[in-house]
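The opening position of the sequence shown corresponds to residue 16 in my numbering, with each subsequent residue numbered one higher.
If you're looking for bench data, these hints aren't it; they were derived computationally from the structure. Please note that the accuracy of each hint is not assured.
[Claimed, not checked] Under the rule of at most 25 angstroms between Cα atoms (straight-line distance), these lysine-lysine pairs were calculated in the BS3-like manner: (1) 17 x 310; (2) 101 x 114; (3) 276 x 300; (4) 374 x 496; (5) 374 x 300; (6) 88 x 310; (7) 114 x 17; (8) 186 x 427; (9) 300 x 310; (10) 101 x 88; (11) 186 x 23; (12) 276 x 88; (13) 88 x 17; (14) 23 x 114; (15) 791 x 186.
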Amino acid sequence: MKLYEFQKRIARHIRSGRSVIVQAPTGTGKTLGALWPYFEAWDRDVPSQFPRKCIYSVPMRVLANQFLADTVKLINEEMRLIRNPKVTIQTGEQSTDSKFQGDLIFATIDQSLSSALAVPYSLSPGMGNLNAGAFYSSYLVFDEFHLFPQAGEDGAEGALTTTLALLSNLKGIVPFVLMTATFSSTMLQGLAAMLDAEVVQVSPEEYQMIASGKGQAPRSRRYVVHEIELSAQAVLESHRTRSIAICNQVQRAQALYEALKAQCGDSVAVTLLHSRFTPEDRQVKEEWLRREFGKNINGRQAPSAILIATQVIEVGLDISCENLHTEIAPANAVFQRAGRCARYPGEQGVVHVYNAPSKQMPNGEERRDYLPYPAAQSAATWNTLQCRNGAILDFVDEQAVIDEVHTEADRKLLAAMQRQNGLLRQDIEAAMRGERGYRRKLIRRIDNITVLAASSPSAIGDPFRAQGFGLWRGTVKGLLKTLEEYAQGWQPDDDASNWLMKLPIADERNADDPTQPVEYRWQEVNDASLLDGAAVVIVNSAFCAYDNELGFRIVPPELGGWSSQPGERKRRNSQGGYSYQLESYTEHIDIMLQLYREHFSADYAYVQARLAQHWGLPQDTLDRGVRLAIALHDVAKMDERWQRWVRLYQQGIGEEILDSGYMAVHTHWEPDNPLHIKAKNEANRRCERPPHAAEGAMAGARIIAAIADVPDLGYATMTAIARHHNASADSLGDYRLHNSAGAAVTDALKKAGFELPSATLITARPAIHLDQVLIKPGEFRQMLLYFWIVRMLRLCDGLSQEEN
């Protein structure tokens, strides 16, 4: 496969262990440039030289869908790999890889970032520590980076700055690529210095070669500024055969669509696309768009077509038009939209830019409604484009406009990011200690909420598996305001239906018993500030409408009644199963070690080599920590009471344990078997089964410290054991180990490949606090080691029963 020179430069930097910031115009092949080093490394299959996993993060679901389809096609039709990587997608609407177990994962930034911050949108809070280790050991690609959400007065609290803060702490550990067409020169240089990354730009000469199709007539776009607001009449006046109109807000796009449908009748095919369509309907629309607005003109069926859209088409869709109409937005967004006009070599197009509509403020003042964009940057872009009205702008000219508009804001943003770096670490650590307020604070940084519709919370099933719409946090606050307006004078049929919006709070009181499913209690959202910590909300379906033309919308109750597709409630053990087989301590450890060695040990080979190089740790640091955690994670299940409970239960199901030295860690359990349920209840009545995770960390603390040798690794391993069922576990119960525990641990350590230390088990609860054996506040390296180890521990623990 022949690559452009800028794509080759990306590959050379990545191969040499450097990270890269790429600035290249739309349609030049940034995606292939970022993925090529991964495909090369995958085919060479030397895990210590490059990560085996790639997480490719994008700002919008439409991008993830597009890249998934394009990459699968590329791998199947053009690549000649010895073995194809498993390509998956993880978005709010397609939660097909919630544990990040694919090889090449396309994910929206809310999914990637929430996993990195240990508050994954795709998993319950108790599972919060599962995905971070995947993020911090992967080749990371962030595409269309300028579209990542920004929040706060200086933009320093959104997903964009949070991502950069994380990457600044990963310098030298995992390679990453940031890509966009629209960085300002100030941002480009500042990020390169902050992240110690190489800059790869497409030169004007190379751009002309790509844009002209290697010798064809170059494409061109003329920019025309209109003082009026975007309207159906304005679109139709310049329409030829293909036009696109882009609004900043969904409601305005819906209104423009209805106006155009009314004026065009059947003479023009008009369609609407935004973020509030179901996956099925959006797929139909996107396929139609690729056919009617794509490169293959001969494949088109409609003589005349108009697309009305929002920001969802700024990136990803490979479509083009003769006339593109857009409301004013910051320069980087305007030029991203312009990439859907005269996209292909030889095409000439016109980009029409309209001022934002006016909005009356509470004080009666009229102001331009630039939302969701910053007013200052939008107004500055308007002024700058007015000076270029009627001009043809190429990539160099567009970059000059971006520098004029964005330089000052980017300078402030870079300064804010520097200030935020230490605060972000503190927030993650506090959330890991179980401080719920900090978990909400981390979620607020991601700035995206999944919105569901149902008649009652029970009707939605598992809210984290239900099919919803990912909306900007500010938009959801606007929905709440609209709901309150429509609810004036509303009288529901019963009191149970008298609510507008609710958010789920996980109740994991039985987190140490993995056979218990996660339950949720629902808090009514009666104040918009509650949304600052929400990842998912449910809206009363009485106020919800949906169809495949206009999409999801909030309506008066007499027009509502639509509900989201509910999420399947899965009974589960720690990883998704529910039934168990009787298993001894050494059998359990042996199976987990086999799983780790056969399926996962290569995942950390690259990171482990980098830790040795940059942190000065032993070459086998992570491998040692994982094997040690596996060998000792269930030590406290050999508590005397635990073993008594097991024997009572097994006796109750007619499968009595006769060997007094048999140390069971799992019983034979079938959740739908009445005999098993009866035996469990009777065992619970006669003997309380104590918790074991944190207690196991304490019981094995001396052995862990002796074998780990490196204090940071010891603390990380003990924390992984303490939190292998509940990510925020912070309490220590009483325990007293059975007198056969020592022999079982000796066998487990031998199976894990360790020489037996002189240190021994702590056989009963000591007079110390749990936090004395956990990772320490402010120690970011300890936290990363913990994330890496606990991921392997939980994956192998959950899969072990399937293997059994």
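Taking the hints in turn, this is what the structure says about them:
{"no.": "1", "hint": "17 x 310", "in the structure": "21 angstroms, holds"}
{"no.": "2", "hint": "101 x 114", "in the structure": "14 angstroms, holds"}
{"no.": "3", "hint": "276 x 300", "in the structure": "16 angstroms, holds"}
{"no.": "4", "hint": "374 x 496", "in the structure": "16 angstroms, holds"}
{"no.": "5", "hint": "374 x 300", "in the structure": "31 angstroms, violated"}
{"no.": "6", "hint": "88 x 310", "in the structure": "17 angstroms, holds"}
{"no.": "7", "hint": "114 x 17", "in the structure": "35 angstroms, violated"}
{"no.": "8", "hint": "186 x 427", "in the structure": "23 angstroms, holds"}
{"no.": "9", "hint": "300 x 310", "in the structure": "17 angstroms, holds"}
{"no.": "10", "hint": "101 x 88", "in the structure": "13 angstroms, holds"}
{"no.": "11", "hint": "186 x 23", "in the structure": "22 angstroms, holds"}
{"no.": "12", "hint": "276 x 88", "in the structure": "35 angstroms, violated"}
{"no.": "13", "hint": "88 x 17", "in the structure": "17 angstroms, holds"}
{"no.": "14", "hint": "23 x 114", "in the structure": "32 angstroms, violated"}
{"no.": "15", "hint": "791 x 186", "in the structure": "22 angstroms, holds"}
The structure fails hints 5, 7, 12 and 14 (numbered hints given earlier, in ascending order).
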